[in-house]
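Student: Okay, here's what each chain looks like letter by letter:
Protein chains: 2
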Amino acid sequence: MTRVAIYDTTLRDGSQGEGVNFSLQDKLLLTKRLDDLGVDYIEGGYPLSNPKDAEYFRAVRDLPLKHAKVVAFGMTRRKNGSAESDGGLKALLEGKTPIVTIVGKTSAFQVTEIIGTTLEENVKMIGDSVAYCRGQGVEVFYDAEHFFDGYKLNPEYALQTLKAAEAGGATCIILCDTNGGTMPERVAEVVAVARRELKADIGIHCHNDCELAVANTLAAVRAGATQVQGTMNGFGERCGNVDLVSAIANLAIKYDYEVLKPGSLQRLTEVSRYAYELANMNFRSGQPFVGLSAFAHKGGMHTHAVAKNPASYEHIDPALVGNERRILVSELSGQSTILSKTQKYQIAHDKATMAKILNQVQDLENVGYEFEAAEGSFDIIVKKAVGTYKPWFQRLAYRVNIEQPATGKPITEATVKLSVGGSTEHTVSEGDGPVNALDAALRKALVQYFPRLDEMQLVDYKVRVVNPKEGTAARVRVVIESRDHQDVWGTVGVSENIVEASWLALSDAIEYKLFKDEEGTTKNGN
Amino acid sequence: MTRVAIYDTTLRDGSQGEGVNFSLQDKLLLTKRLDDLGVDYIEGGYPLSNPKDAEYFRAVRDLPLKHAKVVAFGMTRRKNGSAESDGGLKALLEGKTPIVTIVGKTSAFQVTEIIGTTLEENVKMIGDSVAYCRGQGVEVFYDAEHFFDGYKLNPEYALQTLKAAEAGGATCIILCDTNGGTMPERVAEVVAVARRELKADIGIHCHNDCELAVANTLAAVRAGATQVQGTMNGFGERCGNVDLVSAIANLAIKYDYEVLKPGSLQRLTEVSRYAYELANMNFRSGQPFVGLSAFAHKGGMHTHAVAKNPASYEHIDPALVGNERRILVSELSGQSTILSKTQKYQIAHDKATMAKILNQVQDLENVGYEFEAAEGSFDIIVKKAVGTYKPWFQRLAYRVNIEQPATGKPITEATVKLSVGGSTEHTVSEGDGPVNALDAALRKALVQYFPRLDEMQLVDYKVRVVNPKEGTAARVRVVIESRDHQDVWGTVGVSENIVEASWLALSDAIEYKLFKDEEGTTKNGN
Numbered sequence: 001m002t003r004v005a006i007y008d009t010t011l012r013d014g015s016q017g018e019g020v021n022f023s024l025q026d027k028l029l030l031t032k033r034l035d036d037l038g039v040d041y042i043e044g045g046y047p048l049s050n051p052k053d054a055e056y057f058r059a060v061r062d063l064p065l066k067h068a069k070v071v072a073f074g075m076t077r078r079k080n081g082s083a084e085s086d087g088g089l090k091a092l093l094e095g096k097t098p099i100v101t102i103v104g105k106t107s108a109f110q111v112t113e114i115i116g117t118t119l120e121e122n123v124k125m126i127g128d129s130v131a132y133c134r135g136q137g138v139e140v141f142y143d144a145e146h147f148f149d150g151y152k153l154n155p156e157y158a159l160q161t162l163k164a165a166e167a168g169g170a171t172c173i174i175l176c177d178t179n180g181g182t183m184p185e186r187v188a189e190v191v192a193v194a195r196r197e198l199k200a201d202i203g204i205h206c207h208n209d210c211e212l213a214v215a216n217t218l219a220a221v222r223a224g225a226t227q228v229q230g231t232m233n234g235f236g237e238r239c240g241n242v243d244l245v246s247a248i249a250n251l252a253i254k255y256d257y258e259v260l261k262p263g264s265l266q267r268l269t270e271v272s273r274y275a276y277e278l279a280n281m282n283f284r285s286g287q288p289f290v291g292l293s294a295f296a297h298k299g300g301m302h303t304h305a306v307a308k309n310p311a312s313y314e315h316i317d318p319a320l321v322g323n324e325r326r327i328l329v330s331e332l333s334g335q336s337t338i339l340s341k342t343q344k345y346q347i348a349h350d351k352a353t354m355a356k357i358l359n360q361v362q363d364l365e366n367v368g369y370e371f372e373a374a375e376g377s378f379d380i381i382v383k384k385a386v387g388t389y390k391p392w393f394q395r396l397a398y399r400v401n402i403e404q405p406a407t408g409k410p411i412t413e414a415t416v417k418l419s420v421g422g423s424t425e426h427t428v429s430e431g432d433g434p435v436n437a438l439d440a441a442l443r444k445a446l447v448q449y450f451p452r453l454d455e456m457q458l459v460d461y462k463v464r465v466v467n468p469k470e471g472t473a474a475r476v477r478v479v480i481e482s483r484d485h486q487d488v489w490g491t492v493g494v495s496e497n498i499v500e501a502s503w504l505a506l507s508d509a510i511e512y513k514l515f516k517d518e519e520g521t522t523k524n525g526n
Numbered sequence: 001m002t003r004v005a006i007y008d009t010t011l012r013d014g015s016q017g018e019g020v021n022f023s024l025q026d027k028l029l030l031t032k033r034l035d036d037l038g039v040d041y042i043e044g045g046y047p048l049s050n051p052k053d054a055e056y057f058r059a060v061r062d063l064p065l066k067h068a069k070v071v072a073f074g075m076t077r078r079k080n081g082s083a084e085s086d087g088g089l090k091a092l093l094e095g096k097t098p099i100v101t102i103v104g105k106t107s108a109f110q111v112t113e114i115i116g117t118t119l120e121e122n123v124k125m126i127g128d129s130v131a132y133c134r135g136q137g138v139e140v141f142y143d144a145e146h147f148f149d150g151y152k153l154n155p156e157y158a159l160q161t162l163k164a165a166e167a168g169g170a171t172c173i174i175l176c177d178t179n180g181g182t183m184p185e186r187v188a189e190v191v192a193v194a195r196r197e198l199k200a201d202i203g204i205h206c207h208n209d210c211e212l213a214v215a216n217t218l219a220a221v222r223a224g225a226t227q228v229q230g231t232m233n234g235f236g237e238r239c240g241n242v243d244l245v246s247a248i249a250n251l252a253i254k255y256d257y258e259v260l261k262p263g264s265l266q267r268l269t270e271v272s273r274y275a276y277e278l279a280n281m282n283f284r285s286g287q288p289f290v291g292l293s294a295f296a297h298k299g300g301m302h303t304h305a306v307a308k309n310p311a312s313y314e315h316i317d318p319a320l321v322g323n324e325r326r327i328l329v330s331e332l333s334g335q336s337t338i339l340s341k342t343q344k345y346q347i348a349h350d351k352a353t354m355a356k357i358l359n360q361v362q363d364l365e366n367v368g369y370e371f372e373a374a375e376g377s378f379d380i381i382v383k384k385a386v387g388t389y390k391p392w393f394q395r396l397a398y399r400v401n402i403e404q405p406a407t408g409k410p411i412t413e414a415t416v417k418l419s420v421g422g423s424t425e426h427t428v429s430e431g432d433g434p435v436n437a438l439d440a441a442l443r444k445a446l447v448q449y450f451p452r453l454d455e456m457q458l459v460d461y462k463v464r465v466v467n468p469k470e471g472t473a474a475r476v477r478v479v480i481e482s483r484d485h486q487d488v489w490g491t492v493g494v495s496e497n498i499v500e501a502s503w504l505a506l507s508d509a510i511e512y513k514l515f516k517d518e519e520g521t522t523k524n525g526n
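Chains as they are written, first to last, in the UniProt record's numbering: chain A, 1 to 526; chain B, 1 to 526.
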């Protein structure tokens with residue numbers, strides 16, 4: 001079995017996608033999860049382009065990664081300068097990553113028309129930049145931008161740029177179909193040429209403009225590429241990068257290449273959905289392998305056949321990629337998912353308990369809940385199902401009032417009435433908005449009983465429409481991320497009313513914190 | 001140039017997709033539009049399966065189609081019966097279409113395991129059914145279900161079923177990758193075998209379960225298939241059928257096959273969006289060729305290069321498929337972005353005006369605005385900067401009140417006070433949540449002045465925290481997507497108060513609609 005290395009650029013090229021935006025915290029969370037999945041390289045960002053990426057490279061050094069190497073991305077030196085004095089290369093090396101990836105121009109057209117220099121100077125820019133970084137003690141990958149278009153225009157020159165990178169010490173040379181316009185048989189042919197001409201490893205980087213990114217990636221690997229670059233769910237500009245989910249699943253299941261690590265494939269569905277949550281994007285239900293509909297069967301004939309033998313309308317067992325068959329139009333999790341999700345809890349894992357949890361989860365999923373990024377809320381559901389839940393407080397009522405004059409800021413006031421520790425607490429607070437006012441009133445009522453709530457703060461707040469067709473009357477799902485000194489946890493609430501959905505997520509967040517402190521457990525400790 | 005016939009099954013196989021539902025009227029409208037596009041065959045439905053499809057075949061005879069032939073879909077006769085007395089074949093012929101497509105089993109596994117008959121009887125079912133329909137004076141296409149899986153299992157038997165259909169008189173034999181699990185090089189190899197063994201035309205029918213439907217379709221055509229079956233936008237069960245949009249664009253532009261009719265390609269974007277609208281589904285912005293983001297450019301470097309020469313980051317001219325280039329206004333935007341972004345406006349493009357717009361955009365971006373998905377709001381900023389903006393209404397005040405008892409749903413009431421057309425309007429409305437209540441009260445106040453607001457509906461609502469470190473006191477960005485019969489537009493609002501941010505996005509959405517109608521422009525028309 002040939003090993004194919006997976007190079008994830010969700011955090012860099014993926015974030016070029018329209019509507020994709022990761023906070024620093026999101027980037028760190030996704031890095032951790034990609035490492036768990038067994039990805040070989042994680043391209044974390046482009047340090048020169050913005051301060052958030054530079055901050056990421058400082059913060060990521062504290063993450064205890066098990067397998068993946070973090071890579072910083074940058075460009076070749078500016079024309080007519082020296083690598084030593086180049087600001088971009090300086091910023092790149094300041095990322096202090098074990099590997100850097102440098103992108104350069106392969107296409108004669110790009111060199112003369114876009115960056116406006118000579119073909120010779122461009123070759124020097126590549127060689128100098130790679131050699132300089134190599135001399136600073138880091139491994140260098142070289143991204144040959146527009147390789148396939150450049151090769152078509154001027155094959156000798158395109159190969160010359162690759163050889164300059166190789167001579168400079170690049171260990172892997174990645175052929176990029178930057179504009180996504182190349183056909184699979186051409187990709188195969190050109191990769192085979194590069195394979196013959198070079199000694200370095202060859203990588204492939206495809207875009208999906210012709211809906212052929214997966215086919216092109218597979219064709220390149222079959223022609224000799226041993227590194228695949230792409231993004232989770234195919235995030236990326238225009239039509240996106242190649243979707244690593246599909247690339248990985250096809251390489252492993254259909255061609256028997258060695259990718260990721262043993263057991264990783266079963267986590268593809270979970271990691272795909274986690275990436276959507278972090279990017280605050282909706283899942284694509286028809287997404288191959290991991291989509292909610294990927295193994296959904298509608299219509300009597302197919303459903304019947306699938307009941308007789310699933311292979312009749314399924315190309316693989318959905319469990320291979322952590323997905324599930326769905327017979328009815330529903331979003332139901334299966335008992336096996338619940339079993340694997342509750343492994344870490346000290347509870348009975350008998351059939352009856354699992355069924356009880358499953359029922360609760362299914363009821364909530366049916367109205368729009370998602371637990372991928374809401375382990376705090378899932379924890380509370382498990383406690384309720386097995387009978388270890390106790391309410392820390394009870395809501396009697398709340399009220400929120402927002403008054404907006406013609407101009408200026410609105411005034412928001414929330415009152416909260418709770419039963420806690422046998423007493424009734426009735427508090428009021430103003431806030432910047434309804435959720436902030438509710439949060440303040442809630443804390444005012446509770447902190448005297450539970451002083452450690454002071455350690456807790458909210459780090460992120462996301463809202464998503466569950467049934468978008470209803471416009472502003474749609475149900476919304478609020479996901480809140482909270483943290484204390486040790487942990488970060490997500491909670492979720494769903495309602496037609498955004499304030500009520502926020503309340504549900506807020507009160508789960510507080511209860512999770514109180515249970516956690518009582519049990520003396522931390523999430524990361526599990 | 002070899003001609004490839006396009007067989008559209010959006011109305012039959014496409015409607016098996018989760019969430020896809022066409023009314024009879026929708027089906028007739030789409031038939032007309034597909035005929036205008038130059039599709040060769042339109043599979044209208046499965047008469048036996050439901051009364052709506054039978055009704056469709058009656059109604060479609062009255063449509064004045066210019067080019068396309070309408071096809072009815074059915075199965076081979078039941079096992080151990082006769083074709084003459086088969087209810088399914090009777091229903092099929094009652095469609096009175098010039099062509100019928102009959103689907104049958106190719107796979108020995110499917111024959112014995114799923115339909116439970118002998119291999120011999122299945123071959124007879126195919127031959128009898130085709131010959132009977134042929135004898136009734138209609139042309140017959142034969143869909144070989146599970147052909148690639150069946151061929152793998154038992155190649156001789158799979159070919160025998162095709163030959164039975166050919167002997168019965170089928171003029172085109174369509175090889176189906178029903179489960180979507182076959183790899184492109186295998187498709188090419190097996191199609192080439194069938195091409196050698198048969199005299200009839202060969203068609204290809206792919207599903208997208210491995211994200212390879214387009215690649216498989218192209219491979220089949222290059223191996224000798226001359227009919228391509230698929231659906232608009234890849235609608236269909238599980239991961240969908242092959243997207244005809246991508247298949248057609250690649251065949252015509254990348255391989256120079258003759259498809260559809262002259263001038264058709266430029267209508268692909270319009271027809272794709274029309275199909276989404278009829279199916280009541282949201283556009284997929286990253287869809288190859290026709291998606292809103294397919295030719296969108298973000299990030300200074302790319303934007304700069306595209307301004308110099310579009311070919312630098314575009315594989316084809318978007319106008320070829322009726323799409324357009326979009327320069328996204330992102331954090332990285334500079335004056336060149338603003339210049340290209342405002343090319344379509346009838347305004348002075350001098351330095352002073354550009355600087356004025358850029359300043360406004362940057363000020364707003366600094367407090368958390370993003371205009372990537374908010375062209376409606378960007379349009380209003382341009383109007384304000386160049387002095388063509390006029391307010392359609394003025395806010396005097398609003399108030400929102402949410403009352404939540406211990407259990408049950410909260411009650412939400414919004415009041416809105418506006419100055420509009422010289423009068424003061426003061427309205428109140430309840431809603432499912434604060435934004436819904438505000439939206440309702442706003443419309444109540446405005447619709448008597450601007451009746452066309454009734455055409456407008458909200459399709460999506462997204463919320464994102466701008467500065468997450470502040471928790472619930474953070475500023476939030478609300479992005480709303482609205483649509484009318486012709487256009488979809490995004491608007492944005494930012495505030496520490498989610499209700500105020502929603503108000504800002506809502507009122508921009510309404511103003512954009514009013515300006516657009518006044519100017520008689522549609523976004524697609526530019």
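Please keep in mind that the hints were generated in silico from the structure rather than gathered at the bench.
Check the hints yourself; a few may be wrong.
Which copy? The list can't say, so a pair holds if one copy fits it or any two copies do.
Said to hold, decoys possible - Here are the simulated DSS-like cross-link-like pairs (lysine-lysine), alpha carbons at most 25 Å apart as the crow flies:
id	residue 1	residue 2
1	Lys199	Lys384
2	Lys66	Lys52
3	Lys308	Lys152
4	Lys96	Lys384
5	Lys124	Lys79
6	Lys66	Lys308
7	Lys351	Lys308
8	Lys384	Lys52
Student: With reference to the structure, classify each hint as holding or not holding.
Tutor: To see whether the hints hold, each was checked on the structure:
1. Lys199 - Lys384: Neither, since 60 Å and 59 Å both go past 25 Å.
2. Lys66 - Lys52: within (24 Å within a copy, 57 Å between copies)
3. Lys308 - Lys152: between (51 Å within a copy, 21 Å between copies)
4. Lys96 - Lys384: Neither: 47 Å inside a copy, 46 Å across copies.
5. Lys124 - Lys79: within (9 Å within a copy, 73 Å between copies)
6. Lys66 - Lys308: neither (43 Å within a copy, 44 Å between copies)
7. Lys351 - Lys308: For Lys351 and Lys308, the Cα distance is within 25 Å only inside one copy (18 Å; across copies 65 Å).
8. Lys384 - Lys52: Neither way: Lys384 and Lys52 sit 40 Å apart in one copy and 32 Å across, limit 25 Å.
Consistency with the previously given hints fails for numbers 1, 4, 6, 8, ordered from lowest to highest.
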